[in-house]
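K.L.:
Following the hints, complete the assembly by docking chain E onto the known chain C.
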Amino acid sequence: MWKKLILKDAMGVWMLLTGSLAAGIILNEMRAKPLPLDYSSPEARLDRAVEKLGEGKPLVVRGEGDVSLEEMQTFSAGRAALILDARPEVFYRVGHIPSALSLPRDDFENGYRLLASVLEPRRSDVLVVYCSGSDCHDSQMVSDALRRLGFAHVRLFRGGWGEWEGGNLPEEKL
Amino acid sequence: MNRRMTETLARGFYGSFRIVLGAIFIYAAISKLGAPQEFADSIAAYHLVPGPIINVMALGLPLFELACGFFLLTGYFCATGLLSIIGLLVLFLAALLVAVVRGLPVECGCFGAHSWLDANPWMALVRDGVLLAGAVYAYRHCLARELMARDIKDVRL
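Taken in order, these protein sequences are the chains called C and E. At position 33 of the first sequence the residue is numbered 33 (this note's numbering), and the sequence of numbers has no breaks. At position 45 of the second sequence the residue is numbered 45 (this note's numbering), and the sequence of numbers has no breaks.
So here's chain C without its partners, still in its complex pose (with noise of 0.2 Å):
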């Protein structure tokens, strides 16, 4: 009988399952930007985006050193760089370095495109890119993009987010 019940309720799981992966297929395609079936990883759709953006602008290559919480408390307070936040968007508005504009990896075709009025005059300037902190690869591949797209001097903040929020800094919210 035990067996009978498990079986019954087994079916039923299947049943469920198959009939939320289908679920989940149909109202993918009902959104505004639907997810591709087939799978990309982060570094093939950053690159995807920068073949799209970069078309015909000089390729740097050459990396420049990383920036301290005491340089990056600089440029923030005298905005003297252009500081992005290559974290997710939701992360920026819940608190960022002032002055940082939000470039986040994760939809960097659209960020970089509403960026654009004010990063393309900028390509000769000292860019800073950081994520959440050292752990995080969204400011590496945020500021590779960057160098491939042309911009001359793009530096990296590793500490990131979490090492200027334990610095007790002044930050902003949106």
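Hints are not guaranteed to be accurate.
As the list claims (entries may be wrong) - Pairwise CB distance ranges (calculated):
#1 C:His137 <-> E:Thr6: 52 to 58 Å
#2 C:Gly167 <-> E:Thr6: 53 to 59 Å
#3 C:Met11 <-> E:Ile30: 24 to 30 Å
#4 C:Gly162 <-> E:Tyr76: 43 to 49 Å
#5 E:Leu97 <-> C:Gly65: 39 to 45 Å
Please keep in mind that the hints were generated in silico from the structure rather than gathered at the bench. Every value quoted in this text rests on a predicted model; they were computed, and no experiment measured them. In this text, a Cβ means the ideal position worked out from N, Cα and C, and glycines have one as well.
P.N.:
Same frame as chain C, but now just chain E:
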């Protein structure tokens, strides 16, 4: 402790755990529904699922969790919901354990990407283990109730 008291306690635990587990799964589902790409990245980070089905899983699993949570909260198809959750938790535990053993820098991804609830994989393992133990107990209770209800029906007939 007499038998009636034990039964009352078991019923109380079953009722409250069912609601808590249902709420947890509904919360987990909602946190992933709006960001399928991030959830797909979390699944891919485990290196266990073949590429062509990662996005399908990312689209369907949150709905599956939502349905399970709804079943548990309302009490309809509760046994199916509990068995589904047992299956999911076994899957999550196995994947997390493999990732931890292989030293992969993964977040659980159980409550969407970058959730503070998933920051520590060991905590996620303990949490999923506790939930699994509770779900197995609740499912056994559910089956026993169903068997008892059938027995009573048979006697009445």
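K.L.:
Work down the list of hints and note, for each, if the structure agrees.
P.N.:
Each hint tested on the structure:
Checking the proposed 52 to 58 Å range against His137 (chain C) and Thr6 (chain E) shows it holds: the Cβ atoms sit about 53 Å from each other. Checked against the hint of 53 to 59 Å, the pair Gly167 (chain C) and Thr6 (chain E) passes, with Cβ atoms roughly 56 Å apart. At roughly 27 Å, the beta carbons of Met11 (chain C) and Ile30 (chain E) sit within the given window of 24 to 30 Å. Restraint check, Gly162 (chain C) to Tyr76 (chain E): a C-beta distance of roughly 45 Å satisfies the suggested window 43 to 49 Å.
Between Leu97 (chain E) and Gly65 (chain C) the CB atoms are about 40 Å apart, so this pair conforms to the stated range of 39 to 45 Å.
Every hint from the earlier list agrees with this structure, and none is contradicted.
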